[in-house]
Amino acid sequence: MTQIGFFPGCSLKGTSSEYAQSIFTLSKMVGINLVEIEDWNCCGASTVHNINNKLSVTLPARILTLAKQQKLTEIVAPCAACYNRLCIAQHQLKINKFLRNQLFETFQICIDNNISILNIIQYIEKYIFEKIKEKIIYFFKYPVVCYYGCLLVRPHKILNFDRLEDPQSMDNLMKKIGALPIDWAYKTECCGGGFSVSRTDIVVKLCGEIIKDAINKGAEAIIVACPMCQSNLDTRRSCINNYLHKKTNIPVIYITQAIGLAIGIKKKDLGFKKLFVKPTFI
Amino acid sequence: MVDKKNILRVKVSNSIGINVDKCYQCGKCSAGCPVSGNMDFTSSVMMRMIQIGEEIIDKQILRSQTIWVCISCGICLSRCPMEIDIPEIIDYLRQCSLEKKMQNKKSERNIIPFHYSFLNSIKYTGRIYEIGVAVEYKLRTFNFFQDLSLAFYMFIKGKLPLFPNIIKNRKHLSFFFKKYKK
Ligand code: SF4
Ligand code: SF4
Numbered sequence: 023m024t025q026i027g028f029f030p031g032c033s034l035k036g037t038s039s040e041y042a043q044s045i046f047t048l049s050k051m052v053g054i055n056l057v058e059i060e061d062w063n064c065c066g067a068s069t070v071h072n073i074n075n076k077l078s079v080t081l082p083a084r085i086l087t088l089a090k091q092q093k094l095t096e097i098v099a100p101c102a103a104c105y106n107r108l109c110i111a112q113h114q115l116k117i118n119k120f121l122r123n124q125l126f127e128t129f130q131i132c133i134d135n136n137i138s139i140l141n142i143i144q145y146i147e148k149y150i151f152e153k154i155k156e157k158i159i160y161f162f163k164y165p166v167v168c169y170y171g172c173l174l175v176r177p178h179k180i181l182n183f184d185r186l187e188d189p190q191s192m193d194n195l196m197k198k199i200g201a202l203p204i205d206w207a208y209k210t211e212c213c214g215g216g217f218s219v220s221r222t223d224i225v226v227k228l229c230g231e232i233i234k235d236a237i238n239k240g241a242e243a244i245i246v247a248c249p250m251c252q253s254n255l256d257t258r259r260s261c262i263n264n265y266l267h268k269k270t271n272i273p274v275i276y277i278t279q280a281i282g283l284a285i286g287i288k289k290k291d292l293g294f295k296k297l298f299v300k301p302t303f304i
Numbered sequence: 610m611v612d613k614k615n616i617l618r619v620k621v622s623n624s625i626g627i628n629v630d631k632c633y634q635c636g637k638c639s640a641g642c643p644v645s646g647n648m649d650f651t652s653s654v655m656m657r658m659i660q661i662g663e664e665i666i667d668k669q670i671l672r673s674q675t676i677w678v679c680i681s682c683g684i685c686l687s688r689c690p691m692e693i694d695i696p697e698i699i700d701y702l703r704q705c706s707l708e709k710k711m712q713n714k715k716s717e718r719n720i721i722p723f724h725y726s727f728l729n730s731i732k733y734t735g736r737i738y739e740i741g742v743a744v745e746y747k748l749r750t751f752n753f754f755q756d757l758s759l760a761f762y763m764f765i766k767g768k769l770p771l772f773p774n775i776i777k778n779r780k781h782l783s784f785f786f787k788k789y790k791k
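Protein chains in written order, with the working numbering: chain A, 23 to 304; chain B, 610 to 791.
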């Protein structure tokens, strides 16, 4: 059984447990054992860098130090915010020798520059897809839009993942399971991220525009790979409907849930029950 | 004569190594910014204001809503022809504003207390304990009724753990906070 490090992050342990469930179910199908990094802490997500720059590097650096101590050479970070913060910390410590020494001397933080950090799409491409290709039984033949958001693609110089303005990786994966990904304008627009509680008005407006374009382009589902995007577009739907003066029922589905359905995994094992907006068409 | 060292234009260059003079006011950053409409002045105007290098204008920036409503989405940096890292400049300005106690009054009622509630959850448990963050945020903002029904539905769906998930080596983490005095 292949062993790969796993960094769930706070969302996957709580507000987005259905995402975690679908990832574990898929991984089990292909015989991958995801090993959770022991005693991990919060990466600081979209918040800490606002008020404490050094801490925002130190927190993810501690996680990478633990990964190194636990002899993990590759880790999957399914939450786009965690993926983003881990990559930025690794980059900062790579280029800033002074900071690297300082963190080592004060906190015994020492990270491996070569540890590879995978986001969920890279993980699926590298480990999952080849092995489940033959198992696809129900083609997910719906028109969908793939929503990448900010954190998977920016800052491009550091993450170096996919294309900056018009990424294709999720669209390609969705095509392979039979879906019809639509070209649309909001692929990498912002959903309002961490403002869900503090500036709900901004989140509702930005999500409203995203949902409006998805519906106008004829999509039946929005496919996502980030717990924050999913939660803003899904759990805030009643406010978004008020903003749009319209009852919308387009579901927001994790890419792992869509792939799971295609290979015949039951809805309940993919956490579909936890979605606020029900995908009634499936 | 003002001490030039304390002008934001110089501080940004010395502390984070970004030369604001490279900005030639094309406006692409503001055009793509999702929250331009919620700012008191947009990112490109802010760049011009820093370039001018006057103390009064610097204070206006540090007291602005602009630096707090920026969501750090990174669109401005990705589209800037001069590759100026505006999100990093704004991160730096927020911290200057806190240090000088010049936080924007409106943001002090929502965005800033949320950041602190979030930070405290990490400080005490090592991870995010959603209910803890929500309670502290409500206490800080006196906004007791916000999102109660949402929280209820999230709880029903099993998305809101009742108890915090505390890490073992909390000492290591509290040492970070002690060193950074936050
Ligand atoms: S995009 Fe860059 S050069 Fe253009 S106005 Fe903004 S900061 Fe200045
Ligand atoms: S990072 Fe901030 S200033 Fe730049 S586009 Fe996004 S919200 Fe606007």
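Simulated from the structure, these hints should not be mistaken for lab results. Only a predicted model underlies this, so the values are computations on that prediction, with no experimental measurement involved. Some hints could be false.
[What the hints assert, rightly or not] Stretch-level coverage of chain B by chain A, calculated; a stretch enters the list once three of its residues show a Cβ under 8 Å from a Cβ in chain A:
hint, stretch
1, 627-635
2, 641-648
3, 702-715
4, 762-770
[What the hints assert, rightly or not] Computed Cβ-Cβ distance ranges for the label pairs, DEER-style:
hint, chain 1, residue 1, chain 2, residue 2, range
5, B, TYR633, A, ALA207, 41 to 49 Å
6, B, TYR762, A, THR302, 32 to 40 Å
7, A, ASP291, B, LYS710, 33 to 41 Å
Note that beta-carbon positions come from the ideal geometry of N, C-alpha and C, so glycine has one too.
Now for the hints, and whether the structure bears them out:
Counting residues of the stretch 627-635 of chain B whose CB lies closer than 8 Å to any CB of chain A gives 0, so the stated coverage by that chain is violated, three being the minimum. Check result for the stretch 641-648 of chain B against chain A: holds, 3 residues qualifying (beta carbon to beta carbon below 8 Å, three or more required). Evaluation of the coverage hint for the stretch 702-715 of chain B: fulfilled, as 3 residues show C-beta separations to chain A shorter than 8 Å, against a requirement of three. Coverage of the stretch 762-770 of chain B by chain A holds [criterion: at least 3 residues with CB-CB distance below 8 Å; count 7].
The hint said 41 to 49 Å for the Cβ distance between TYR633/B and ALA207/A, and at roughly 27 Å that hint is violated. Between TYR762/B and THR302/A the beta carbons are some 18 Å apart, a value that contradicts the proposed interval 32 to 40 Å. Evaluation of the 33 to 41 Å hint for ASP291/A and LYS710/B yields a failure: the beta carbon distance comes to about 52 Å.
In summary, the structure is inconsistent with hints 1, 5, 6 and 7 from the numbered list given earlier, while agreeing with the others.
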